[in-house]
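Participant: Here's the letter readout for the chains.
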Amino acid sequence: MSQNTKNNTASSIITAMFRKQIFIPLAALLILALFNFIMDPSFFKITLGHNSNGDPLLSGNIISIIDYGSELAILAVGMTLVTAASRGQDISVGAAIAISGSVVLRVLCGTNSRPDELQAPIIVAFIISCFVAMACGAFNGVLVSVFKIQPMVATLILFTAGRSIAAWINNNELPVVTDSTFSVFGGYIPGIPIPTPFFIALACFVVIFLVLKFTTLGLYVQSVGINEETSRLNGLNPALIKFITYVILGLCVAVAGLIKVSRISSINYSVVAKDIEMDAILAVALGGNALGGGKFNISASILGAYVIQFLTTTLYKFQVQSDALPAYKAVVVILLVVLSAPIVREKIAALFRKLRPARAEQNG
Amino acid sequence: MKMNKLFAMAASMVLCSAVFAGCGTEGGSSSNSGKKSGDKLISVGIINNDPNESGYRTANVNDLKATFTKENGYDAQFAYSLKNEEQINYAQKYIQDEVDYLLLSAADTAGWDSVLKDAKDAGVKVILFDRTIDADESLYEASIVSDMNKEGETAVEWLKNQNLTSYDIIHLQGVMGSAAQKGRSGALTDTASKLNWNIVVEQTAEWNAEKAQQIVQSAIDSNQKFNVIYAENDDMAKGAVAALDRANISHGVGKDVIVMGFDCNKWALQELKAGNWNYDGQCNPFQSSYIVDIIKKLENGETLPQKTIIMDEKGFDASTITDADVEQYGI
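Which chain is which? The protein sequence lines are C and A, in order.
Heads up: the first sequence is residues 1 to 364, going by the numbering used here.
Heads up: the second sequence is residues 1001 to 1331, going by the numbering used here.
Extracted from the complex, chain C is given alone in its bound form:
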């Protein structure tokens, strides 16, 4: 009897899990991990070594994933909110990263593109870049919320112009920062063996969870996304809420931009954060969030972002041929997206429901 109930609860947990939004990215992560474990268990090996300055640091594929996935995960947070509220995506985040990264370097380097010492404290440069990135977000936000332009069309403007603006900010020069303190944000804090981007991302997650927990932002975003008119009749200001989500995404862009330029202490306008907007949207979709807005789950998007990085690292690890790389990625993405489609999930859940009575009989 007790066996029976245990089995029942177990399978109902499984059924419930299939319904849970976070199931998809979690399952994708497990499948990728399992694949790597079968092919080569050394994938998960983490070793403690030293860098050329003699500071200790951990290295291994898992460390690479939590390191290089950070920017994408941070962007996924903002992109989820934008998607939920405005029922569309911001495709200008890559270009906005180029702009905010340019601003950071411009402030740090002053008029000379290769200074021997920093011309301003890093924190000042970062705060200014935050304002600029938020202004970019506000620009998109106004177009979407006030002028009611389709998000993808509205953000197309900055998508096209952004990289030229970024180049213009630095007079078309390529600034290089030689000061080693600047590389901390994309590298390691001396003495701490875990990459800094991971901590920065963690801090962002904590902040957004606190905001969602202690303010009504999450609820408002969701209701505006589900039905703008009803939200308005209930006393919300849909335009303002959409606008706020774009500004929040702007802030995420600034943080991601800082990490990006810090990694190599320089910037290349035409390739920095290239195509990251597509990955960010994919992270939202992998997280099981409806791209048509409404309900959202930020942790699922974050997990989705790390799944994408996991996939990239796996492909590098197995040395997939250069020209075939996009094809492999496409196949995996198609599989993941199909699996996450509501119809497929219902079918799988139904399959488990069918299995349940059969198993109960066996046990009885």
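If you are wondering where the hints come from, they were derived from the structure by calculation, not from laboratory data.
Each statement offered as a hint is correct.
Far from chain A, some chain C residues (derived; all Cβ distances over 10 Å):
1. I123
2. L143
3. F182
4. F205
5. E346
Calculated from the model, a selection of chain C residues having no Cβ within reach of chain A, i.e. all distances over 10 Å:
6. T111
7. Q222
8. G292
20 Å max Cα-Cα, derived EDC-like pairs, lysine to aspartate or glutamate:
9. C:K329 with A:E1206
10. A:K1182 with C:D323
11. A:K1266 with C:D116
12. C:K274 with A:D1050
These numbers were taken from a predicted model, which means no experiment stands behind them.
Even glycine gets a Cβ: it sits at the ideal position worked out from N, Cα and C.
Given chain C, put chain A in place with the hints provided.
Facilitator: Frame of chain C; chain A shown alone:
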């Protein structure tokens, strides 16, 4: 509803007037250029790719701007676009303006036949620089290009002369299918198969420093042994070096790993001078002196010995590079 109609009417009127205004200015500029033939200035229309495209392009544009000035006897107009159709529109405008020379770095190889025929009929001489097009040779006077295959061969030849006991190479490729990638990859792939060099990793980092860093990191994480990094541009070499620094692998002159880059950015040549890298191959953006040479010959009525002119391109070795080289060739 009524408002909408009114708005539509207003909009169409604005559009029409814009078209007429457009015609007006076109006419104006062509009459302007008529006057020019009286002066000694040679009028040139320069169509280039967007200067923000890369450091190479920026250097290229600055070089052209510094050469084709009024002081040097040129009346130059510049147009930039990364899109072929837009470039063709600019070309048509310059032909209408009756410029003497049309200098062209085409965004795409196809689609130029008809506009170049128009140029020929109008007596506008066309000189291609930096990029070739798929058009009949008779349609242009000359074409000044970099030979990407030769760039690759020079670099690989240099690598061969290092006489390493073994060659274990990480090959970081540019965007697949681009001319620079094809040329620089081709030489390495050929020689590697001929001399039994071991290519440990061959992957595209799409000219991106950070992707290059991830690829090299991944090779280090999976315990691959390598002693050469062949990066097809400076950015990727920089990313690779960042990964090496993290793993405490020494690189540069007389160290464990040889680092090779391309494009000769000034900061890259400084790395070379400091001995952190070993080799940097040039992709020469300074075509203006070649163009001026051709224009002078054509103005004097001379015939050109050949249509395709391949520029000199150097490869710099960390042990022989001088500060003067860094200043002169750094872009």
